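Engineer: Protein chains in written order, with the numbering used here: chain A, 1 to 253; chain B, 1 to 240.
These are calculated hints, taken from the structure and not from any lab test. Just so we're clear, the structure is a prediction, and the values are computed from it rather than from any experiment. Honestly, I wouldn't trust all of these hints.
Here are some, though not all, of the chain B residues that point toward chain A, as calculated from beta-carbon distances under 8 Å [unchecked claim]:
#1 L66
#2 E101
#3 P104
#4 L159
#5 E220
Not the full set, but computed from the structure, chain B residues with beta-carbon under 8 Å of chain A [what the hints assert, rightly or not]:
#6 P47
#7 A50
#8 F57
#9 E59
#10 A62
#11 R65
#12 Q72
#13 F74
#14 S106
#15 E131
#16 R177
#17 P179
#18 D200
#19 I204
From the three backbone atoms N, C-alpha and C, an ideal C-beta is built for every residue, glycine too.
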Amino acid sequence: MPALILGRLVLVEARRGGLVWLAAAALLAGIALSAFLAQLAITESRPLQAAVVAALLRVSAVFLLAAQLVASVRREIDDRRLELMLALPLSRAVQYLGRLAGFIALGAILAIVFALPLLLWAAPRAVLAWGLSLAFELALVAAAALFFAMSLGQLVSALAATAGLYLLARSIGAIQAIAAGPLAEATLAHELARRAVDGVALALPALDRVTRTEWLLYGTPDGRAYLSLLGGLLVYIALLTAAGIFDFARRAA
Amino acid sequence: MTRDERALRELPAWLWLVLALALAVQLAWRAHEPSPSVREADLPPAPSAAALRLASFGEPEAAARLAMLYLQAFDYGGANARPYRRLDYGRLVEWLGAILELDPRSDYPLFAAARVYAENPDPAKSRLMLEFIYREFFADPDRRWPSLAHAALLARHRLNDLPLARRYAAAIQRSARSPDVPLWARQMEVFILEDMNEIDAARIMLGGMLESGAIHDADEARFLRQRLEALERRLAPAGK
Numbered sequence: 001m002p003a004l005i006l007g008r009l010v011l012v013e014a015r016r017g018g019l020v021w022l023a024a025a026a027l028l029a030g031i032a033l034s035a036f037l038a039q040l041a042i043t044e045s046r047p048l049q050a051a052v053v054a055a056l057l058r059v060s061a062v063f064l065l066a067a068q069l070v071a072s073v074r075r076e077i078d079d080r081r082l083e084l085m086l087a088l089p090l091s092r093a094v095q096y097l098g099r100l101a102g103f104i105a106l107g108a109i110l111a112i113v114f115a116l117p118l119l120l121w122a123a124p125r126a127v128l129a130w131g132l133s134l135a136f137e138l139a140l141v142a143a144a145a146l147f148f149a150m151s152l153g154q155l156v157s158a159l160a161a162t163a164g165l166y167l168l169a170r171s172i173g174a175i176q177a178i179a180a181g182p183l184a185e186a187t188l189a190h191e192l193a194r195r196a197v198d199g200v201a202l203a204l205p206a207l208d209r210v211t212r213t214e215w216l217l218y219g220t221p222d223g224r225a226y227l228s229l230l231g232g233l234l235v236y237i238a239l240l241t242a243a244g245i246f247d248f249a250r251r252a253a
Numbered sequence: 001m002t003r004d005e006r007a008l009r010e011l012p013a014w015l016w017l018v019l020a021l022a023l024a025v026q027l028a029w030r031a032h033e034p035s036p037s038v039r040e041a042d043l044p045p046a047p048s049a050a051a052l053r054l055a056s057f058g059e060p061e062a063a064a065r066l067a068m069l070y071l072q073a074f075d076y077g078g079a080n081a082r083p084y085r086r087l088d089y090g091r092l093v094e095w096l097g098a099i100l101e102l103d104p105r106s107d108y109p110l111f112a113a114a115r116v117y118a119e120n121p122d123p124a125k126s127r128l129m130l131e132f133i134y135r136e137f138f139a140d141p142d143r144r145w146p147s148l149a150h151a152a153l154l155a156r157h158r159l160n161d162l163p164l165a166r167r168y169a170a171a172i173q174r175s176a177r178s179p180d181v182p183l184w185a186r187q188m189e190v191f192i193l194e195d196m197n198e199i200d201a202a203r204i205m206l207g208g209m210l211e212s213g214a215i216h217d218a219d220e221a222r223f224l225r226q227r228l229e230a231l232e233r234r235l236a237p238a239g240k
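Just chain A, with the same shape it has in the complex:
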């Protein structure tokens, strides 16, 4: 299948571009940090190590994937290789989906590699739940980064937009809680602000509820709630993919 060839090219480029070494460096940094923290803790050293390493590896995986994707796609566009690809007898949707599939596969590999060290401190079932959720989260990041890399003109703006969406999605729950806090004044302006925050939350994925460190420390959620969380991510991946294909179809050849 031609789309799979495009996906395979993504993996080959990542291997040749040194992503393996960067992932290994992130893993080493995580393990070194955990050893350092274990020396400082007077209690809960294992939960401390699991929590901090999981948080570090999660954000490292997201950064590595987004940077690799945006740099790769922007280089393809700037070198005019994309125009060459458009001349192939492949529909634009297939070309877009092929690339996305490659980056999703890359994200899944990163999720597996980054979840494995957590077995040192957490139960296998919890690590499995965390790792699978990270794979879905990385698929969403891939969909967002591909959309921004294709639609925005510059590498920096595409990276900034991806990081902005990701960080906002991870903190929107806390922002909503602050906006609805009991100490907030009951004025019209505040009510409007609160509703505006709720409106922004509607347009974002619930990244603050997935790949949670608490699963590693206190046990996994029940299956139904877990599947619901992953389902929410799938819906957002579908939205970003549809928007990306829509934008790509409008691009002049």
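Once you've looked at the hints, dock chain B against the given chain A.
Structural biologist: The following block gives chain B in isolation, referenced to the frame of chain A:
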């Protein structure tokens, strides 16, 4: 070396010199800066739990534990010029409360409150910390009873305040209902009223907690044994 790079020997000497000089200046600059740990004056005001949660970007468990290590750097084992005994305990309680709110299932804040901060020789500061432990105990008695049990011991033997110790002991008896809570803890009031010294009480408590599985963490067990040994040395008769 790739084909796009020139050999190192082909670079001009002045470039080597500038690079070496810049590195030397950087190292000298940093070496003359004071250490950050002794620069700290006192604990800054505590952020709210909501602010900490926002700053954690959806990782409250990791943020709570890192905040505890940050707090520790101001006192126990840290190189701070102001040891924890002189810290502003009002702020300290606010910090611990915010961290506990960030991850209510973490044992770290109450463990540090009971085992480190409440052992302050200043009775007023110790009482402040004991009351914090007592207040927070009721949010999750089955998880938080070990800290209040130690608080009861401190009230009994360090503050010599039997009514306070009995109040804490009665709270454990009344509220800690889990079958995991050992028998001596569920009869804490009797334990407090028994005529035994602090070392014996601490030994029984540590042994009971290890036996009942209330201590899961190897570092915590080691820390508690060290504290017990320190207590034994401190209270040992002179010349013995």
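Engineer: Can I204/B be said to touch chain A, with a Cβ gap under 8 Å?
Structural biologist: 20 Å, violated
Engineer: Classify the hint on E220/B as holds or violated, based on whether any CB of chain A lies nearer than 8 Å to its CB.
Structural biologist: At 4 Å from the nearest chain A Cβ, E220/B passes the 8 Å test, so the hint holds.
Engineer: Under 8 Å, Cβ to Cβ, is where A50/B needs to be relative to chain A, so tell me if that hint holds or is violated.
Structural biologist: 5 Å, holds
Engineer: Identify whether the interface hint at R65/B stands, where standing means a beta carbon of chain A within less than 8 Å of its own.
Structural biologist: Check passed: Cβ of R65/B comes within 4 Å of chain A, closer than 8 Å.
Engineer: Would the hint on Q72/B be counted as holding, given a Cβ-Cβ threshold of 8 Å to chain A?
Structural biologist: With Cβ-Cβ at 7 Å, under 8 Å, it holds.
Engineer: Is the hint on D200/B kept, meaning its closest Cβ partner in chain A is under 8 Å away?
Structural biologist: 24 Å, violated
Engineer: Less than 8 Å between beta-carbons is the criterion; does E131/B satisfy it with respect to chain A?
Structural biologist: 21 Å, violated
Engineer: Hint check: is the beta carbon of A62/B less than 8 Å from a beta carbon of chain A?
Structural biologist: Holds, because the Cβ-Cβ distance from A62/B to chain A comes to roughly 4 Å (cut-off 8 Å).
Engineer: The hint names F74/B as touching chain A; please verify it with the least Cβ-Cβ distance against 8 Å.
Structural biologist: At 13 Å from the nearest chain A Cβ, F74/B fails the 8 Å test, so the hint is violated.
Engineer: Does the closest beta carbon of chain A sit nearer than 8 Å to the beta carbon of R177/B?
Structural biologist: 20 Å, violated
Engineer: Less than 8 Å between beta-carbons is the criterion; does E101/B satisfy it with respect to chain A?
Structural biologist: Violated: closest Cβ of chain A sits about 11 Å from E101/B, beyond 8 Å.
Engineer: Have a go at the P47/B hint: is there a Cβ in chain A nearer than 8 Å to its own Cβ?
Structural biologist: 12 Å, violated
In the structure shown, a violation is registered for the earlier hints numbered 2, 3, 4, 6, 13, 15, 16, 17, 18, 19, in ascending order.
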